[in-house]
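> Line order of the protein sequences matches chains W and P. If you're matching positions, the first sequence starts at 1 in our numbering and goes up one per residue. If you're matching positions, the second sequence starts at 1001 in our numbering and goes up one per residue.
In case anyone wonders, no lab produced these hints; they're calculated from the structure. Backbone N, C-alpha and C fix where the C-beta goes; we use that ideal spot for every residue, glycine too. Do not take every clue at face value.
[Claimed, not checked] Residues of chain W clear of chain P, computed beta-carbon distances all greater than 10 Å:
| # | residue |
| --- | --- |
| 1 | R18 |
| 2 | I30 |
| 3 | K72 |
| 4 | A84 |
[As the list claims (entries may be wrong)] Here are the simulated DSS-like cross-link-like pairs (lysine-lysine), alpha carbons at most 27 Å apart as the crow flies:
| # | chain 1 | residue 1 | chain 2 | residue 2 |
| --- | --- | --- | --- | --- |
| 5 | P | K1200 | W | K12 |
| 6 | P | K1387 | P | K1362 |
| 7 | W | K118 | P | K1202 |
| 8 | P | K1305 | P | K1289 |
| 9 | P | K1202 | W | K60 |
| 10 | P | K1200 | W | K60 |
| 11 | P | K1289 | W | K60 |
| 12 | W | K12 | P | K1387 |
| 13 | W | K12 | P | K1470 |
| 14 | P | K1302 | P | K1289 |
| 15 | P | K1084 | W | K94 |
| 16 | P | K1480 | W | K94 |
[Unchecked claim] Label-pair distances were calculated between CB atoms; the ranges are:
| # | chain 1 | residue 1 | chain 2 | residue 2 | range |
| --- | --- | --- | --- | --- | --- |
| 17 | P | R1015 | W | K54 | 53 to 59 Å |
| 18 | P | R1190 | W | G56 | 29 to 35 Å |
| 19 | W | G62 | P | R1254 | 35 to 41 Å |
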Amino acid sequence: MIQIPPELVYTKSHEWARRLPGAAQAGDAIEIMVGITAHAQEELRDIVFVELPKIGRTVKQGEAAAVIESVKAAFDIYAPVSGAIARVNEAVVKSPQLVNQDCYGTGWLFAITPSDPKEFSSLLSSGAYSQQVQAQAH
Amino acid sequence: MAEPLIFERSVPGRRGYLLPPSDVPGFRADDIVPSDRLRTEPPPLPEIAEFDAIRHYTRLSQQNFSVDTHFYPLGSCTMKYNPKLNERIAALPGFAFLHPFQPAAQVQGMLALLYELEQLLCAITGMHAFTLQPAAGAQGELTGLKIIAAYHRRKGRRRSTILIPDSAHGTNPASAALSGFQVVQLVSGRDGLIDLNELKEKLTKDVAALMLTNPNTLGLFEREIKTIAAVLHEQDALIYMDGANMNALLGIARPGEMGVDLLQLNLHKTFSTPHGGGGPGAGPVGVVKRLEDFLPVPRVRKVGKRFRWEERSRASIGRVHGFYGNVGVLVRAYAYIRALGREGLMRANQAAIINANYLKAKLQPIFPVPFDDHCMHEFVVTLKALKTHGVTAGDVAKRLLDYGFYAPTVYFPLIVDEALMIEPTETESKETLDEFADALLAIEQEAKTKPDLVRQAPQRMIVERLDEVKAAREPNLRWKAGTFLFSPEGSTQRK
């Protein structure tokens, strides 16, 4: 069974998003952490190259923000929400296999400071995403 | 047995030739080259006899798959046979021994050929004018995009978006991005064709052009092409056609009559000139009349009965290649078109379409075609069902090598899961198509009963399954003195 953590939200294009706890309470800018799902990394198979966005770049919801290349092909990774790129995970550039090994943890890709908090709540729940994955398998 | 690198065949002191003593005054290298730019040691070149070099490269060439040795159903690449007559014609001294700096007056025959080839390509595509300069399909795309940018600039506006369907060739978005455009993807409809509503929704005032491949990479003809062109033209956006799949239209349909404004042709696909390593390629670009002024210079002009180069044009995007492109390839394409004629091109095209549909019908009971319709020159099947056996499209492709067939395009287009994209071309016989279909059906059985055999394929090749992941993550591209891929004793070391 493919791992779909219930505490995350998802996009149709197989990205996950996590609102970082704590930051909001401290009154700082909220950050949305982004990666690809276990289903996505399994479909892509062995990832050999990751290109991340520049910090500070503004992206729109649904805009291609990163590129992942596997032995199969190259794929765009889309921003789940609009905002500015706050941080990127340099570790996956050096070791792309982290995305395969730990896609919800050390294999995260980038974090966005969202410009419209409402967009986050429009993303798919783990249940809705799970249904989508199952529908595609048939 | 695997062939060692030529460096591994090297023996100190061994030579191919002994040169006679020089009878002209010599000079010292440091008299003409700054000393800090000079090597302190000789480069580590292989030291071998002439026949060692000949045997080495002949053996390597024999280990290749090629159109001359194997069926090569590489979808969207149109690997058709290269008639040997073309080679003979291109080797005629009057073509082969020309120098690009010869004045036009001395090369009237070649200029006449180039001029006529442009006219023939215009007649085939319904375009108004052609440049033969671009050296490949992707360079043709780049040339086309520069013309699109120049067109809008002349109209005094800046447009930065190019629309590209998700069924287009992968080079299209790459060329658009390289030209400084923003790419917006059009999601295909359920029938695998452009969805008019999706097009209208994404057609903003910023759209410079739509780049589409027709027939698309699913091998499907865009039936609504005229409406699509009209929708774009309403906003004075242009329509660029990637002509890499022109083998499906030759002699039957002309893009100029579909509303296409400009396109590139891949002579190394559609017009039977050598492909890939056998190249070089050629990607001529054709345009409608209102875009003619932007074509690259120089252009061949006919004045009376004579031909000359036109070097300047105010609106031209400039040169895109030295001299006039890969002229030797152009000669081969000209020979092909003249040998077949209009009737012959049409019949070749019909055979390509019939071959693809025949193969599709044979495979379809086992391998589903997700966007199913009568196909044009190629079709895409999905091997999704083999996933339950742990076998992928890539595994099946490698197993096909064991059966003596070059593998079709895999994992493309991306909108089909575990895709295998098959293009047989017109030159293959029914017997070859049957053998290929039988091989695929046999592999499907193997995948169910002996999946490891398929997962570890190829088994019968000189080099077995390579570690693609390691090759991509830690590429080892240069030979270093003292290192051996194969041990000096000749036994292979596998890593």
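> A separate judgement is required for each hint: does it hold in the structure or not?
Against the structure, the hints come out as follows:
no. : hint                           : result
1   : R18                            : 26 Å, holds
2   : I30                            : 28 Å, holds
3   : K72                            : 5 Å, violated
4   : A84                            : 19 Å, holds
5   : P:K1200 with W:K12             : 23 Å, holds
6   : P:K1387 with P:K1362           : 21 Å, holds
7   : W:K118 with P:K1202            : 23 Å, holds
8   : P:K1305 with P:K1289           : 23 Å, holds
9   : P:K1202 with W:K60             : 15 Å, holds
10  : P:K1200 with W:K60             : 21 Å, holds
11  : P:K1289 with W:K60             : 39 Å, violated
12  : W:K12 with P:K1387             : 22 Å, holds
13  : W:K12 with P:K1470             : 31 Å, violated
14  : P:K1302 with P:K1289           : 17 Å, holds
15  : P:K1084 with W:K94             : 49 Å, violated
16  : P:K1480 with W:K94             : 24 Å, holds
17  : P:R1015 with W:K54: 53 to 59 Å : 54 Å, holds
18  : P:R1190 with W:G56: 29 to 35 Å : 40 Å, violated
19  : W:G62 with P:R1254: 35 to 41 Å : 37 Å, holds
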